[in-house]
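Number of protein chains: 2
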Amino acid sequence: MNEIKNTLVIGTGLIGTSIALGLTAHGVKVFLSDIDSSALDAAVKVSGASKYDGEDIALVVVATPPASVANLIAKAAIDHPLAIITDVASVKGSIFRELENLGTSGWSRIVGGHPMAGREVSGAIGAQGNLFLDRAWVIASNDQTSEAAVATVKDLVESLGAFPIFRTIEEHDRAVALISHTPQVVASVLAGELMDAEGSYIELAGQGIRDTIRIAGSDSNLWTEILSENSHYISQQVTQVANHLLDFASALDGGDRKSVTEKLVKGNHGKDRLPGKHGTSQQSTSTLVVRLDDKPGELARLFTVAAQANVNLEDVRIDHSLGQPTGLVELTVALKAIELLTPALEAEGFVVIS
Amino acid sequence: MNEIKNTLVIGTGLIGTSIALGLTAHGVKVFLSDIDSSALDAAVKVSGASKYDGEDIALVVVATPPASVANLIAKAAIDHPLAIITDVASVKGSIFRELENLGTSGWSRIVGGHPMAGREVSGAIGAQGNLFLDRAWVIASNDQTSEAAVATVKDLVESLGAFPIFRTIEEHDRAVALISHTPQVVASVLAGELMDAEGSYIELAGQGIRDTIRIAGSDSNLWTEILSENSHYISQQVTQVANHLLDFASALDGGDRKSVTEKLVKGNHGKDRLPGKHGTSQQSTSTLVVRLDDKPGELARLFTVAAQANVNLEDVRIDHSLGQPTGLVELTVALKAIELLTPALEAEGFVVIS
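Residue numbers (the numbering used here), protein chains in the order written: chain W, 1 to 354; chain S, 1 to 354.
No lab work stands behind these hints, which were simulated from the structure alone.
Be aware that a few hints might be false.
Facing chain S, a subset of chain W residues (Cβ under 7 Å, in silico) [claimed, not checked]:
hint : residue
1    : Arg-97
2    : Gly-217
3    : Asp-315
Nothing here was measured: the structure is a model prediction, and the numbers come from that model.
Glycine included, C-beta positions come from ideal geometry on N, C-alpha and C.
So that you can see chain W by itself, here it is in the shape it has in the complex (with noise of 0.2 Å):
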């Protein structure tokens, strides 16, 4: 990894404040630039970074809302002639698009960039340093970027803790169409069915809808804006979508279930390419319920029991039962730790259910 030299960030949201953050502190001298100058004043205050006053810049990277990232790259290309010039917005396509019929040159020095470090939540509590720490953060070249530019923004990506994937723009975007903006749109059209029902059907509702619109609580005006730059491609994908669930109702009203039983299944085998933890398989990992008393603490013993049988949990899941003064916990561990897990358990007065 070499040293970043003297960065620009322009744009001072949560993303291009927490670059700011994460770079001062490792010593790498950076500017900040922003429309809106008491934001500016705001990030300088927070960042350690300086207001740019036109000092030689390597590195520029562009953090505004995705409509203007284009026309900031151009501009950047102009006013920064030696400097590598990349962005945040997580759509690619559309800005490269744009960039071309700004007739930008530079196209050598312009690598896309997308850290997958958003969250539902929004950026409101502001600001850290730590924010990509172990994220990924997808590098899209176009086909003149140089090797060194492409260095350079994978430089940045480490120095932020974050690691690189590589893509060409469209695979990228055809990716996360299908990964992160179609789930989007079918959480949140399936949360909006329940505006349209009865208050007493909804509370009988569990888990499984719950995880199932879990992002239907994005932020709308950020949403709009990143779905309708990749609206291409997200199209064909809920299109496609939605006629396969018109299939899947004409099944049901056909009474035809062996064709029911094949979705089903597809859908089986499609959740099953879904990474594991580290790479590893999903299927070697199993399930256990465990009851837990609502109180401070009840948690802490359950792992730390986990921790003494030398059982690592591969996740944790919290249910909910409506208006009980329980909880019911769920954790998965590898197949083979259940047999240690549960009677370690059940020997500190857990009661597991299965």
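Here the structure of chain W is known, so what remains is to put chain S in place on it, guided by the hints.
Just chain S now, kept in the frame of chain W:
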């Protein structure tokens, strides 16, 4: 809560055997029957219940797969002319329609039941008397059910540690179509799309799609039966979701940002209608991300710190980062607890990210 009298459980799968176990633990005299004599022998051995040998029965619980339930209820109404009869199938209307076609006597003694203790993991681990602890159990009467019959089933539910929720048959079936069956279909279809995708796309998958399709891992044979029994309401609801998805795709294609935002906002509001933990509003919580070395003991240490700070965790989620040796843990706590928890964690050396 009154004492449960002699009970006959018909069907010795996971649910039936768990009911038998839970009741015998309370000293109830339980009898079992099953058309599969080796399954029956195994259940007798596990549960402490006896094979049915002709004694007087006060309560019959039919716990067989949905397709055979109506016939067995009708037969029980004749064989046990004084008994209250209930079942545990996850769909109710199709069973009562079949009972009507069979010309069943004893309507006043028949009460539908549905324990909401299902998991996407199938029940291979075996029956447990506490399977229903703290779970909702819907009691669905027909319009001739006697109050005494409902009271008996309520006693059954409460003696197993579950809590009763009262609904009509139609309310139950429409509700589960909306909050359980349609989410299953949607998750299965969305997961199925991953079968047609490039592996390099799937590698970018994060927590969002992982949650959205979690229940796509469900048992396909069991769910074929469940969905088929409630196909009318599910097909309606799934078709409506599909049409709303097509509307969404049109809004994206037409660049209608106002409509896109409206649909996302509708999803925000729909999600907010889900009951919070213990009936509290979801909006009074906030989320904290903590970095953790992925080794036994670190979670225990984290929860010990939370307990010592007297902070109750509403939810816990472990983020999986592709190929990384560390983990990110998302903690949901009451808003005002954030200011207690963050400094407490940092004082113990944890990296709090946002």
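Evaluation of the provided hints:
1. Arg-97: violated (15 Å)
2. Gly-217: holds (5 Å)
3. Asp-315: holds (5 Å)
Hint violations for this structure: number 1 only, all remaining hints satisfied.
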